[in-house]
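S.K.: Keeping the supplied structure of chain A fixed, place chains B and C upon it in accordance with the hints.
Chains as they are written, first to last, in the working numbering: chain A, 1 to 494; chain B, 495 to 625; chain C, 626 to 1083.
Calculated directly from the structure, the hints in this document are not laboratory data.
In this text, a Cβ means the ideal position worked out from N, Cα and C, and glycines have one as well.
The reader is advised that the hints may include incorrect statements.
Claimed, not checked - Computed beta-carbon distance windows for the label pairs: (1) B:THR613 / A:VAL472: 42 to 50 Å; (2) C:ASN813 / A:ASP168: 26 to 34 Å; (3) C:ASN813 / A:ARG24: 41 to 49 Å; (4) A:GLY448 / C:ASP650: 22 to 30 Å.
Okay, here's what each chain looks like letter by letter:
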Amino acid sequence: MAEQNELKDGLQAVEPLIFERHARHGSRNFTPEAAPAGEIPEEFLRGEEPALPSVSELQVVRHYTRLSQLNFSIDTHFYPLGSCTMKYNPKACNTLAMLPELLGRHPLAPGEFSQGTLKCLFELQEMLQEATGLVGSSLTPMAGAQGELAGVAMIQAYHKARNDLERDEIIVPDAAHGTNPATATMCGCKVVEIPTMSDGDLDLDALKAAVGPKTAGIMLTNPSTLGVFERQIKEIAAIVHDAGGLLYYDGANLNAILGRTSPGAMGFDVVHVNLHKTFSTPHGGGGPGSGAVAVGERLRAHLPIPYIVEEDGNYRWAVEDDCPGTIGRLSAFMGNIGVLIRAYVYMRMLGADGMRRVADYAVLNANYLMATLNEAGFDIAFPERRASHEFIISVKKITRETGITAMDFAKALLDYGYHAPTTYFPLLIPECLLIEPTETEAMQTLDGFVAAMVSIRDKAYSDPEALKAAPVTMPVRRLDDVRAAKRPDLVWKA
Amino acid sequence: MSEIPEDLKYTQDHEWLRIEEDGSVTVGITDHAQEALGELVFVELPDDGQNCNKGDAIAVVESVKAASDVYSPITGTVSDTNPDLADEPEKVNSSPYEGGWLFRVAPENEDELEGLMDTVAYEEFLAGLED
Amino acid sequence: MPFIPHTRDDLSAMLGRIGVNDVDDLFDEIPAELMMPGLPGVPSALSEAEISSLMHERADTDGRPVCFIGAGAYDHYVPAAVWEVTTRGEFYSAYTPYQAEASQGTLQVIYEYQTMMAALTGLDVSNASLYDGATAFAEACLMAVRANRKSKSRKILVPRSVHPYYREVAFNIISGQDIELVDLPVENGVADIKALEQLGDESFAAVVMQQPNFFGSLEQVDALTDWAHEHGALAIAIANPMSLALLKAPGDYGSEGADIACGDGQPLGVPMSSGGPFFGYMVCREAIVRQMPGRIVGRTVDIDGRPGFTLTLQAREQHIRRSRATSNICTNQGLVVTAATIYMSLMGATGLRQVASSCLNNTRTLVAGLTAIDGVEAAFTSPGFHEAVVLLDRPVAPVLEALAAENVLGGFDLSTYYPELGNALLVCATENRTAAQIDNYVATLSALLSEEGVRNCG
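Here chain A stands alone, though its shape is the one from the complex:
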């Protein structure tokens, strides 16, 4: 059957499924030929072969290479996604993490075959502790959400160890990311929501009313999800600590303060760091990430195992005996080591000065972009405040006057070659776009983005139909997600 694509559109052609490719039979030559294994009794064997593709190496390479060309990526496009920190992923991090000895190391290899890897990870722990202003750390949580789980579990372990058994409430601001309350509930806690004020800071009166003997802790990020620095953080820390609760820091926005201030300095007891954000490990189309946790003295005894300890220049994994109050193991082995090595290489290439420059230029780029969009007539959500590494604009006025929404802006930006900013988060600001340029983007790129936004706004008033139809240059137009949820087609059938 001849290879036909639906559109003959150069590099943007739609690609059929791998299962629809011409089948070939015969053995593979990737591993030596093997005699068919006998000796397993019939009752354990499968009857038919699994229906996997049966194609040539060229077909596989061509298929997946073409699929890759249907993606936006940092390597090809500007991604001002608020809260995601889509900075450049240096190639050296990948090349060095894929050295054969590092890639081929079994997790259970004994100490004498591990000192190189363990030393890198130990130094990573130290650098993360320094950056967060805290004293202990564990690299095992495999994603931000798992880091959160570890954080809340450690807080619970702390109270339980002190026989303070009534504390089952976690306070969360109403602007928080959805994983925060989900994590609290997953740990068996109740969620107590408190409001944010119109200038972006937390409502301290509401906080004072919410804390008490049932407070286990509070989950916050600073700068907050509104893109502004929580100026009253010291007071917040005092209020919560005085009530006997602990403070958990969601590290999603660490890029804004790296080397300038730290969660430890602000009074937080536990932090999770998103290595795939601040420390430039790849987003990979959805993962793998890492949610390493760092802790102050109070929670050290409860860190998830294993973490690395150093004794007389020898590195090893700490186990339960080293940390009897541990909340335990959260992954089968030691976490996403390959991701951690990439973060380590990145941090060594930045060094102390480079890490500080990250926040400087991330915040510079955000404030420049905010000022430029402001001058161009866009509504800034908190015009009186400094932008952190990100800021919010609202297109509510444009929506009211033209019907063009934040979603329409997002779709139209694709046609201009820009991935959209985060839309509709935080929920508090209607028709919002949360914009985070990161420090690795040049001024010219930011100017181009503003020009595209202005052009889209002009079209909103002159030709809204054109925007409602966007995107028009992508491999697909807007997709029917109601149909996708109502009549789920999740597996290809012959």
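M.R.: Same frame as chain A, but now just chains B and C:
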């Protein structure tokens, strides 16, 4: 402006109740609720004969953007569920008070029906939310 | 300045537009007492050449021992094309596919992955992956409690032959929600079916089985699945996906098939990399798909009727169900899943069968060689896949140390987790082990355990 029929009772979770002739109570979600959710793609209903206490989460309505629990407004036994919603969950959107009913409960305690809102009270409640 | 593209002129222009003199001014909302002078504990920057040199040194320190350890991470050969294509910038540096129109590549890869996992496991619907096998197992337990409409039990029956790390992780993740893992004892290396009868009227949300199990032995999956269903419980299968090239699919277990299959996808083109990143897979029956955690990709059409892919059933994620069991997961293992999908496409069923057969043959050869040595015997008589347990006539740890000195990683010492087995060692020989390497291991161990060896081992 959302529709709020006169002959029904309402809860703060945006559910309506209709007390039927045989004493059973039909439950659904209000026009305000279906509007907020968007087009429903799936409805999970309780089993016939299932016991429930007032406040139990016994059903789920799911749209593309949100999945919400639906709570039993009274204590009793589930006597019936809407058979159309398996294939046409969008009936809840197009007809929230008639064809889009969710389930029926045989009540155990008539007194529980006292504390519920009437049309005026629910209207005020909605207005309060918008502030 | 590495990775910062700004020129001095850019800097001036930007500060001018903002209306400040200095970058420091941009941080003026942060209370002065919170400011740090810098990061004195972080070393100065290394050039790319310097870090490259350092990493090569560190890697050399780790060396390349010959690996006979399995225990949940397997040394398989990964064809060159897999990571060449996976590390293309368009896959490597792509974001989560929330803007579907900009992510059709990633979304289609995941849809193909979902299809392949359904094919391997014989079940209906797969998600886009979870963090690893252990957390997939924990999530499967939570899912079973949510999905089981017949039983309100919050207990899960787990044989002791399931990977001990998986059981630990599941305990740590789910015990905050009052769900209990109940042990089922083990006999001759497999779950003891007779012990099921002693459970009387106890009710479970699910019964778990791992195939092959932690010891490499094959469980009576049909009997376990049928028992589960007869007693109102769901059946959860933890299956090594490479083994599924040869072994019965979980969808065919017993008379109705398992309800959930999960496990670690590392054998499918993912290097061992000191234990991560791997990926957890989960596949389930259609009837319970709405209880399945994690992302899922669905095929739909766009406004022109053209087929396309999008994340779907997303409302379930982070939906807080107070009365049942909840999950907070919101990621998948993206890049690793991409590699696995390419690997499965390259290998096909034929290639996987070849690898599985090779592993089986090599392990048999290894075990035959080892048990021929005086002082070594097979622990179990139950049939197995590509791992096996041997018993030594002396403590395992010093023997492993002596083997390590000869650059051989002899296996995993079971005495911490299974002291009742005695001096037990779990060994594995994948297709990556050559005949020479296997012979060398046997010869080395033989020498160690001989009279000479006793003196050397101490």
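S.K.: Does each hint hold? Answer for all of them.
M.R.: Hints, one by one, checked against the model:
no.	hint	result
1	B:THR613 / A:VAL472: 42 to 50 Å	holds (47 Å)
2	C:ASN813 / A:ASP168: 26 to 34 Å	violated (45 Å)
3	C:ASN813 / A:ARG24: 41 to 49 Å	holds (43 Å)
4	A:GLY448 / C:ASP650: 22 to 30 Å	holds (26 Å)
Violated hints amount to a single one, hint 2; each of the other numbered hints is respected by the structure.
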